Amino acid sequence: MTLFSLAKRNIIGNFKNYMLYFLSMIFSVVIYHTFVSLRYSSEIEKNIESFQSMRSVFLQASIILIAFVAVFIWYSNAFFTKKRKKEVGMYSLLGLRKKTIGKMMFYENLLMGAGAVIAGVLLGTLLSKMFTMLLLRLLGTDVDVGFTLSLEAIGNTIFVFTCIILITSIQGYRLIYNFNLIELFQADKEGEAVPEVSMIGVIIGTILLVFGYWIAFQPVDSTGQILRNLLLIMGSIVTGTYLLFRTAIVYLLKKAKEHKSSYYNGINIIGTSHLLYRIKGNARMLTMIALLSALTLSAITIGISQYYNFTTHAKQLEPFSYTHISKGDIEEEKIKEIIYEDKNHPVQAEMTVPLLKVHSDPSDTDLPEYLEQLMAEFPEEDFINLISAKTFNQVSAALDRNEKVTLSGNEAAMIKPRYTHDSFSDYEGRTITLKLPEDGKQVRFTHLLEGRVLSWRYPDAYIVLSDELYSEMENQIQPVAYKTYQVEDQKNTELTSNQLNQLGFNELQLSTFYKVYKRGLESAGQNIFTLGFLGLVFLAATGCMIYFKQLTEAHSDKGRYEILRKIGVRKKEVLTTISKQSLFIFLLPLIVGISHNLMIVKVLLGINLIGGDISFPILSSIGFYIAIYLGYYIMTVNTYYKIVNL
Amino acid sequence: MKMVVEVKSVKKVYGAKGNVFTALDGIDLSVMEGEFIGIMGPSGAGKSTLLNVIATIDQPTSGDIFIDGTSILTMNEDQLASFRRDKLGFLFQDYNLLDTLSVKENIVLPLALAKVNVKEVEKRVDDIADTFGIRPILEKYPYQISGGQKQRTAASRAIITNPRLLLADEPTGALDSKSATDLLESLKELNEHRQATVFMVTHDAFAASYCKRVLFIKDGKIFTELVKGTSPRKEFFNKVLDVLSVLGGGTSDTV
Ligand SMILES: Nc1ncnc2c1ncn2[C@@H]1O[C@H](COP(=O)(O)OP(=O)(O)OP(=O)(O)O)[C@@H](O)[C@H]1O
Ligand SMILES: [Mg+2]
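Protein chains in written order, with numbering that gives the first Met the number 0: chain A, 0 to 645; chain B, 0 to 254.
Next comes chain B alone, as it looks inside the complex (with noise of 0.2 Å):
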């Protein structure tokens, strides 16, 4: 199977001198295509801030990171901006949506981009629209709607292209149950169907539940990892809450 990301020492430095905080210390992390990982943590571990470098979005301070094969070290800024246009769905722990766009222009925005064509386009919407259903708030601002509907917006907007990659930065955080399972069911279903590699930053052991492969980060490195390999989603789910009592940080109670 073809390696899809490879993450090799990587170290993240924060701030400047005398004022220095290591975000990420030292992460090696090879990611296979078609893998569907998890990536758990205190808050302030560094998930985000890996993330980010993968989605090369940030930079490493050392160390380096291997997309397909290719450093993105020696990737220029639009080698960089096509790879996160065309390979790339990142869901943000903050959103990112844009003020200026509706709902449908922001989750249409990827594509306009990539220039697909309109009638693909309008196609795609109302398939999303459902899966996530967000028909009713597709002709409204951002600013006019909540912060579970924003993350939906923001879930559709990082799936709609069907990227080969997948971050998502705790994209759970801010639905309630029914809505949670809906989008962990269609990133699986991005993951199986679809061939994409997943990578997902979540607090939730039921979220965490749904990944082939559950890595455990603490102060910047990487603490233990668990392979759901053939277990039942229930044994999964115990044994990832499990190690999170002994790291502290994630909490969830049912199934």
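Same shape as in the complex, but just chain A (with noise of 0.2 Å):
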């Protein structure tokens, strides 16, 4: 019998406790492989106006897939290992060579790997064939989705998983040669040994962690800063949750184990001890689970909040649905007739907005902040825009807001620019002298107003006037006008917004709501589907990697709840303190992940990655998280139990 046909027997005559090691590497090529094959597919690539752009969000993607699923694989292949030392020693105790079983190791290994590859390509086509059409939904193009293999994802997976699989195949030739064969015979029955608690661990764990989170309430000014500020959150929280994991779970289930009258009473004694006779392995895993979480579900609802916002960003960035600078030409007539032949949408409101382009004066020493950062950076340039109170209420009329206005004299009042978390504390009180050709003119603010009125550009500067000063000063300077329309449905303007896109104006010319709102849908599908994709993968693998971790145990727990049974604890107890035990490796990262999630977001928010309403995204993504984990639990007690049981 050659040594690749004992492997074989081997695979074959074990299955059932080859399965799990076998299910938990398939499952990771379904999740790469799915992922590659969207990254090539030519459906996504001919429907999707800005695929390159996406093609490098699923490159990152991929990236840190490639990182999870290679450490994924590395635990089982480990756990694995760990339950098969007995049997290594075993083959060496009866005088098989050390070279021998070493390749034994590696061929099976080799031989499960290529198997999973096989499965998992499989499935993975088919499953991105099933993203594929959702995404396309999710972008709004609904197509069919042929049924094509892209060689190059495959290929893709292939190579990724043979470096993968040939890796830990060599830990597994190494296996016997690193370990003696006491070793090997006690390594199921030692148990890692519980580590040392250390208040001093626990201690500074807090402090971190505390740290990392007052950090994250700070408010931020400079780009530098946020890049400090997400530097030093980023190293407190990872070594302080590591820490806190490491030193703080020992050391409560120590106190819980020096609490005698309930350590010493009914199952407890058997839970907590189960669970500190394996902490060491845990605490590490928990760590990784509970920061993968935390940012994942970041993830998860920066994609959703942006999908679920996109609309809103959409108006602010494009009050009108037709926005272009008025020159009382031919040109416009005919804009004008394009926008009125379109009778599926009517004209609701049409108007006029003059403005006034400025400078403020350079000796100015008041200007509120945000000015001021623009006057340095444009110093030459007429970048604020006046308008007149009354066109302000025009607008506010037009568009149906109920935002109004009253100025009078030097009163002046902000539009609040995008991108910023101003307040009117920021401006209240606060002068600016408008440069005119002839004298300066000093106002005041006195409002913060929120409503949007032209086209977003930057610098983004509009400052609302009293009509008396507003004509006053539109007797100096030539004013600009931008001709609007406002029109019914505009979500559904992509015939008319073509067309006008097509008369040969820039954007800064001529601007249409549908072509913003366009672009935002597609970024926001974009987002919601890689990052709720990855999200959704990410999470679903980190409970499986809890679920296989806890199978394991079960297997191993076998005989000691046989034991038990032997000596009286009822079939009831032993369910109770499995579904204990399994609810303390579960609840720990899901806590952890979804308080270090609501810190990232206050982060975010701080550095306007995501604005608007976030209470749904981040409801929507805790709620995913939970149910998923609730779904592994509840597997997880069932079949532990039904194994323990058996």
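In short, the hints are calculated from the structure, not lab data.
Source: prediction; values computed, not measured.
Glycine included, every Cβ here is placed at the ideal spot set by N, Cα and C.
Hints may contain errors.
Claimed, not checked - Cut-off 20 Å, straight-line C-alpha distance, at most; resulting in silico cross-link-like pairs (SDA-like, lysine to any residue):
# : chain 1 : residue 1 : chain 2 : residue 2
1 : A       : K557      : B       : E76
2 : A       : K98       : A       : V196
3 : B       : K122      : A       : L180
4 : A       : K85       : B       : D98
Said to hold, decoys possible - According to the in silico footprint, chain A covers these stretches of chain B (three or more CB under 8 Å from chain A):
# : segment
5 : 79 to 91
6 : 104 to 110
7 : 114 to 123
8 : 158 to 165
Two chains, each in its own frame: build the complex with the hints.
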């Protein structure tokens, strides 16, 4: 019998034992291959304009996935190997040469890996078709997705997994060399040594976490600060979580053990000691899972919040359905004609928005901070847009908004710049000297307005003046006029929008709501898909990791529960202790993950990566998370119970 | 006197079609409260199997067992568990210690399951640790102690609840003669002063001489039985040796 066939027999003979490991490998391949297939999908490429940028998102995601999948397989392999150490020791005791045993382990792992890759690629291809359809639907393009195999994707998957599996196979080969016989025989019995509790670890961990959270709640002003804070938060949270998991859990469990009246009460003694027995390995895994979950949840939150808020964003970027610079020429008539020809979208409001472009006086010392920064950035440009209170109120009325403003004398109102968190107090009582050809005019800020008037451009500075002051200035500078239209059902104005865009104006001269909206829809769809998909995959995968780990434990616990039953432990009590232990294992990363996630979201809000109403995105992503974990929890308890009661 | 255990024509057959093995072949046996019974017989005779079915951790293929007058066939899983927990002490041949628990925790386990209060638990552990000389290893884990120490730990766990029925499967197999005598003395004390019924499987005629009655099993059947009566231990010991020489399987040459 050749070694290869011995390895093959080993697998077939003990297929049940190998199942868990095999399944976790297949699972990894499926996730990865699904993702890679999407990256190389020609259907997606054909249907999405901005596929290039999307591809880079996919690329980044698949790099994270490789790392993740590699770690996952590594862990599964470690559990699996641990279970087999005794067998390996036995071979050696029976006189098989180390080299032979090593080779056997090597081939065995290689064989299973190959099987997993084949199964995974098939399943992954199917899944990716499903996801392609889902993605195209989310992006608003309905097409039939044919069935094509992407050789590129398959090649990529095979390459990645060959590397990973080769490494684990080599690890298997070295197993017999890395341990002496007695260690192999006692591997399953010995448990991992219970780590010493160091109060210092608990304290440092807590301090780090508190520090990280504290920083997250500090206001930030500059990009430099943001970067510094992000690094500090990352560092302190990662180390803090690890230390806390390593020390605090052990500390708590040991405390629970010292509390004799509850420890020596029924089945508690078993649950607590079981948890403690495996805490070292679990702490590492739980830290990783808690951190990954937090990141993932944040990614999902970003994705959902963008999808959820992009209509609002589009309205802020492009308040009117159509906006163009008005010069009173023939082209303008043509635009009007096209807009009015579209009978499906009747015009609700048409108006002219005149504005004055000015610069502030460089000697100004009392500027609001935001304007001061713009001044420094654009010293030469007339970047300040002035409009009259009358115009502002007209726009409000045309767009069905409630906001109205009344100003008199040299009172002025700032329209809140987008992408800032400015509040009225940043402007209150501040002044700006508007530079005019003849003299300067100082105005004082008395309001901060929310309503946007024209298409968003950078620099973004709109100041509303009292009607008297505005007309006074109008005599000194030539106003620029914008013509705006608001139509019914503007989300579906694709045809008209395309027609207008073909007239040959650039975006500064003519812009349409639909174009901005469509762009937002696409990028939001992309984000919700990539982030959401990746996120769900990650959450599913982390849950799965706990599941597999628990099942492996169940297998090695089988004998222990048998002993317990022999000395009179009821089945119900066994179920109770299993439920409690598993709850502990699932709840820890869940709680820490959610709490870290909330903190990260807070940071993201602070740096404007997400905005608007985020309660729905947060609740739904946390809801997903809890649902996934709940599912795994129930599955775990069920399977665990079945395994130990067999 | 009350009948504690009654075994009625119990058969135990292992294996499936084609490859069956009869481990117990129609055993009948009555055990009165306060008895100290020894079971002897060659290896593979079915001694452990008999203990297992009496302990309700294995089911007889046919026949019935009555515990305090109740048939175990009519008892459900919960009632069986209660019986094992509350009335039974079992010293397993292969110890069955939990490797996730320290020696002390292993010993405490049955008390914890019975929710005995902490003070009482500590007191009993204290007593038993001295009786069996395991005080120095209380905080160790099973993989860190020797075979004999494991056996003494298992004995402590079986005895600590003061069970009404104690089943001991070769309790002295791994012990030196001093430890063996200590253990036998404490079984005797349990039997005499706490009215526990003791069932002990042994290969050792010296251990058997502690019993009030010894059953000899061969090929799954009761071969014969010896009653100590009023005869001194030395004499009973010799009688046991005589039967063993006919039966084959037991050894011991010192008293
Ligand atoms: N689970 C099992 N399946 C099949 N056969 C079994 C099983 N358990 C025990 N046997 C067989 O039943 C017979 C009786 O076993 P048992 O353990 O009762 O012997 P014993 O008298 O306790 O022997 P020893 O003195 O060696 O402990 C043996 O021949 C054994 O091979
Ligand atoms: Mg036996």
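Any hints from earlier that this structure breaks? Give me their numbers in increasing order, please. Hints 2, 3 and 8 not satisfied by this model.
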